[in-house]
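Please arrange chain A on chain S, whose structure you already have, making use of the hints.
What follows is the residue order along each chain.
2 protein chains.
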Amino acid sequence: MNISALLTSAGINTGICVGAFSLYSVLRKQPNLVSVYFARKLVQEQSRHEDSFWFGRLIPSASWIVKAWEASEDELYAAGGVDAVVFLRMVVFSLRVFTVAAVICLFLVLPLNYFGTDMEHKLISNEPLSVFTIGNVKEGSKWLWAHCLALYIITCCACILLYYEYKNITKIRLAHIAASVSHPSYFTVIVRGIPWVQDESYSDTVAKFFTEFYASSYLSHQMVYQSGAVQKLMSDAEKMYKMLKSTHTEKCCVPRLMRCGFCGGTATSFKMLSNEAKTPKEESCFDGVDVKKKECRTALVFFRTRYAALLVSETLQSPNPLSWVTNAAPEPSDIYWANLCVPHQIFWIRKIIVLVASMLFVIFFLIPVVFTQGLVHLDKLQRIFPFLKDIGRRKVLVQLITGYLPSVVFVIFLYLVPPVMMFFSTIEGAISRGARKRSTSIKFVCFLIWNVFFANILTEAAIDHYQFTFTKLGDARNIPNLLAKAVPATATYFMTYVLASGWASLSCEIIQPFPLLCNLFYRYILRNMDDSSYGAYTFPYHTEVPRVLLFGVLGFTCSTIAPLILPFLLVYFFLAYLVYRNQILNVYITEYDTGGLYWPIVHNTTIFSLVLTQIIALGVFGIKESPIASSFTIPLIISTLLFNEYCGQRFLPTFQKIPTKIIIEMDRKDEHCEEEMHQKLQSSYCQFRSRNLNLHNTPECSSKPQSVLGSAEMGDAARVEDLENSTRKG
Amino acid sequence: MNISALLTSAGINTGICVGAFSLYSVLRKQPNLVSVYFARKLVQEQSRHEDSFWFGRLIPSASWIVKAWEASEDELYAAGGVDAVVFLRMVVFSLRVFTVAAVICLFLVLPLNYFGTDMEHKLISNEPLSVFTIGNVKEGSKWLWAHCLALYIITCCACILLYYEYKNITKIRLAHIAASVSHPSYFTVIVRGIPWVQDESYSDTVAKFFTEFYASSYLSHQMVYQSGAVQKLMSDAEKMYKMLKSTHTEKCCVPRLMRCGFCGGTATSFKMLSNEAKTPKEESCFDGVDVKKKECRTALVFFRTRYAALLVSETLQSPNPLSWVTNAAPEPSDIYWANLCVPHQIFWIRKIIVLVASMLFVIFFLIPVVFTQGLVHLDKLQRIFPFLKDIGRRKVLVQLITGYLPSVVFVIFLYLVPPVMMFFSTIEGAISRGARKRSTSIKFVCFLIWNVFFANILTEAAIDHYQFTFTKLGDARNIPNLLAKAVPATATYFMTYVLASGWASLSCEIIQPFPLLCNLFYRYILRNMDDSSYGAYTFPYHTEVPRVLLFGVLGFTCSTIAPLILPFLLVYFFLAYLVYRNQILNVYITEYDTGGLYWPIVHNTTIFSLVLTQIIALGVFGIKESPIASSFTIPLIISTLLFNEYCGQRFLPTFQKIPTKIIIEMDRKDEHCEEEMHQKLQSSYCQFRSRNLNLHNTPECSSKPQSVLGSAEMGDAARVEDLENSTRKG
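First to last, the protein sequences are chains S and A.
Sequence positions in the first sequence follow the numbering used here and run -5 to 724.
Sequence positions in the second sequence follow the numbering used here and run -5 to 724.
I should point out that these hints are in silico values taken from the structure, not numbers from a laboratory.
On a predicted model such as this, the values are computed, not experimentally measured, just so you know.
It is possible that some hints are incorrect.
Identical chains share a label here; the pair holds if one copy fits it or two copies do between them.
Here are the simulated lysine-lysine pairs, DSSO-like style, with alpha carbons at most 30 Å apart [said to hold, decoys possible]:
| # | residue 1 | residue 2 |
| --- | --- | --- |
| 1 | K345 | K389 |
| 2 | K618 | K35 |
| 3 | K35 | K674 |
| 4 | K136 | K618 |
| 5 | K132 | K651 |
| 6 | K655 | K345 |
| 7 | K651 | K345 |
The following block holds chain S by itself, in its conformation from the complex (with noise of 0.2 Å):
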């Protein structure tokens, strides 16, 4: 690939986001895509925009590019919650050290490398990619320590603007915290493996063991009930039989479909037969021995002061670990009550299993797809397989199953990936949403540095056959010679990546396709016209995350080597500051809030970029013959290590636990509502209860045994919905 080459790639990628996003800016101003493009705005404001037509609607402009730009941090945390400052932080973060970054290597590192070597330069437009980076620079240059002082700049600079990030992200979540003074969560405890007492429910058990030694904070308490296999089939089957028996033209009840394409109308089924009255045979279920029976070993226990749930939640109440365990709850919107009722005795081992199972799954990933790249190879197959012969007489099948099928195999593969993770997430054990999208995106991280990082590098360095044998990547030594040989050889592909996987996904994210073509096939083939029908989504950061570090580590380990790459990454993370921030304007509802958790995610990993360059430069200077700028490498690695330590000295310990300070003082400041906090807490946490009460208008929400039957998907609804979700970003 030379120069010509890339700059008509970056053209056609540049004409396709222009294309996008004028697109976009069209297709915004149409009052029938208004749920697609202002969902966010659609379900908080409730109101319906006229469908009056004018003629700037067909004209595209860049006003939204405008908006985004102005929106101050204020808003995005008012419309995002911290979870979203974190997320652009993390954006205008890569944005700014990257700008360092190719300040440094394009005025310094690649004319270095242009020139390493005594060659005569042809026209630039012809020269092949490789001569900008350092494979051009002749053995034992001196010119190296320009490199060796690039990377130095690099990660001094990283380091402070990391330093000074944590410990702004670290008072924007403390901040946050004091400020949800209205969140129940703070006063309540999840208490798991509450032990059984012969002759005793588990609530007298739970009531008895917290008046005993928290008389005078514990307030009440709420058990959680189990829905097991059987008898949500069975209430499944009796909703559909009175779904099916109601009337079907009531507008107000019309369902979201769009959420509940999978799970089989969940949704209505149940808000149908809540309204309704409960049948005598209905409440009997409950009565009596019932009721005991169907208690889970969990239950969410309230407190009088913030303080004394947390105190709860932090220490060890009995001498056996295993029961009455406690965990700070989760918001009532953020709960996975699905989890809760699983014994938690069991999550060690399926966490276990997890881990080897992820650990796997991201290891062998290529397997299945190189497999499927082998129908390439079609011709080789038909010989073993006689039957398939009569395709191969017909050309036009041939080209599709060997041009178009194995990509479409691996695109496939690669979305099913963040439900694989998110699955996995789930079996973890998660109580909370949040943290189920959390672990999934350090699981996704994982995936795609090494599936597209790594993979590459290697299946690079077999091609090139630099005497790479599996058995030498055991050697710990040989590791960065390898990745020394093999990155700048790679540079030019990690290059095309960001412009056709990078551009290319803000331009789809900006696009919405799925959501679009749902709204139309809706609209234009169900011919439902109603707005309201069409689900919002919360921010997938299971996908985006991930996605944005990848580029980070990219961008961080070609900088000093192929500097080439930085100036179409600045591109990207310009774009995706834009981008993202629409959305999170506009788009995606917040339901619930990890309170800045990513970022120890984003932190840890920029500082695995971090010493990866400093290990491939390392190689590099190794190979290049330079001891100077190799020992002086050394040093730079122990000491980003040693920061990376003091970071999680000093700002990590917020992240995992609440200082009591603040909590004290919250406490401090609503003593005279403290009343009306203990009432509103009863009610706030419902198992069983329709989550789009923006569309009802009664609240079923009720903490009583008699009203749970009918209505035992909450927790398999949401899990489908963030399948779904996850799917459609993967």
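Relative to the frame of chain S, chain A by itself:
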């Protein structure tokens, strides 16, 4: 080595043991040596035995064995606390598990090994030992399932015993906590990283913070004071002057020279000074501004209830995790004051340095040893260093240097290890002497396992040229094979190691040569007849726990491979059982107790040994071409690791945190005598006080600043004592 040689060696060692035990039974009856063999009782009872002569004194007897055997666990608990019970349980556990292993291996595995190949057996006494190892079983033998079965039985037995021991020790630990109602540590929290506020002493800051946030439970606090090096030297000089000026005939002030041999008579000087009236100059030293200057950023904060203290110690206080760091306080006699003065912010970097340093120390310890072994080849050295030729002419010197010096150097090096490890643990920042010993014992376990077990195996592998290179070690798949080849070959060495080092160390332990010689030196050369002047030591867990564990590792790894080691090990454990019981009852004093925290170390090391054994067996089965046995070993490894994880979930948390239930119950029990407790509390922690209270009836404790000067060595005295203690045991 053949059977008869082994039996001869065993005979000699048995003779030495019997001799040592008989000598001990005589020596312990000598009234002059009561301070060596009954130090604990002497310290406890304060009585002096009569010096009358009776004939029985010179006849060896087994009465001590009977007494040691008969002592109940309660007596041991009373004498040595939970740690002693845990230590003896570790010995009992080893006894039990190796009894089972011996029965299985001697009656099932040993005959199979012996008749493993079709060979003509010599007279049994002339058989080489290798005939009894698994090396004698021919490849592809059908009888390897027996080895696999033995491995299963041993693992199951070990796991079941480990489980019940863990359960039992958890119970003992919790009972110990519940019973220690009079301990002031439960009411106390160590606060470090007190932020500096202008125009305020740290003391004021502490008072303000805790009255603001913990008004209902905060009782009082006590600052920790600095004693800088220059100031210490000055006060030392002052004390020396005073000591020289004062009369030196007072009997009661005879220094405990033995303890203070290294630190220049600190204890003496201190005592004399503090018994005298304070001069005006001394008192003025701590007036006004000076007091503020000398305050550390550390304080002991006392609370009204244990529960309040527990909560404060386990939660994060401030948004800045490096300030207001709280920890549960150790007991007054356990606290390690010297580390409390060190700003705790630097401990994280110290910890990293210590980790790296101790890893390097453990791994590269053999290098200087090997280097000194070069002395054996004096003739070669003479060629390099001509001045050595003079020595070469004197035959006696040559013999001394080549034959004796290397082993002396090795022994000296080995004796240096525990003090060096103790030094590392001190640097690491332990705030209690118990934690320091515990940390040392972890380091020493690693050291012993690496330098005795692995170093010998690697040497064996290197000598026998199993195509052994260090680069091959990097490949994980080679390790089981390497171990499988080397372990049976090294088993003979380990047998002699058990005989020589194991049995001999017990003889040495019971005779106590170092205190004995000191006693004789003071008594007959210095003519000092006072019994109480020889200090009593605390039990050296940091050397004895690792030593016993090392024999466990040897036993497990050799059990199925070379079962002939087991009888010798059983004898070792049986003797250890008697000797350590005796020593705990009679010799060692108990000043502090970790509350059974040594058990997790024992548990983890045992699991490590089991898994190591299984990996070796895997390698052996692989070499012997028995795929069935190999494939049966893999699930065993997995289930052992799962068992370990389960124990970690089930028991470990109680060793890390104290259950609130127990603490609340303790608080309830002594509600009526709260006031009394609080008053005692204020004076229980004294940074500057004489530790040998038993020798002086006037308690010199006072927490007021004016008593501080003139006695700033507490921390150092303790450090010297412990270093000395560890040197002696190394």
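Homomeric proximity label, K618 with K35: Cα distance no greater than 30 Å: neither (57 Å within a copy, 72 Å between copies)
Intra- versus inter-subunit Cα pairing at 30 Å for K132 with K651: neither (53 Å within a copy, 60 Å between copies)
Intra/inter-copy verdict for K651 and K345 if alpha-carbon distance must be at most 30 Å: Both. Shortest intra-copy (22 Å) and inter-copy (23 Å) distances satisfy the 30 Å Cα cut-off.
K35 and K674: within-copy, between-copy, both or neither at 30 Å Cα: Cα proximity of K35 and K674: one copy only (27 Å, versus 65 Å across).
Homomeric proximity label, K345 with K389: Cα distance no greater than 30 Å: Classified as neither: same-chain Cα gap 50 Å, cross-chain 68 Å, threshold 30 Å.
Homomeric proximity label, K655 with K345: Cα distance no greater than 30 Å: Between copies, since 28 Å is at most 30 Å while 33 Å is not.
Homo-oligomer pair classification [K618, K136; C-alpha up to 30 Å]: For K136 and K618, the Cα distance is within 30 Å only inside one copy (10 Å; across copies 57 Å).
Violated hints, listed in ascending order, are 1, 2 and 5; each of the other numbered hints is respected by the structure.
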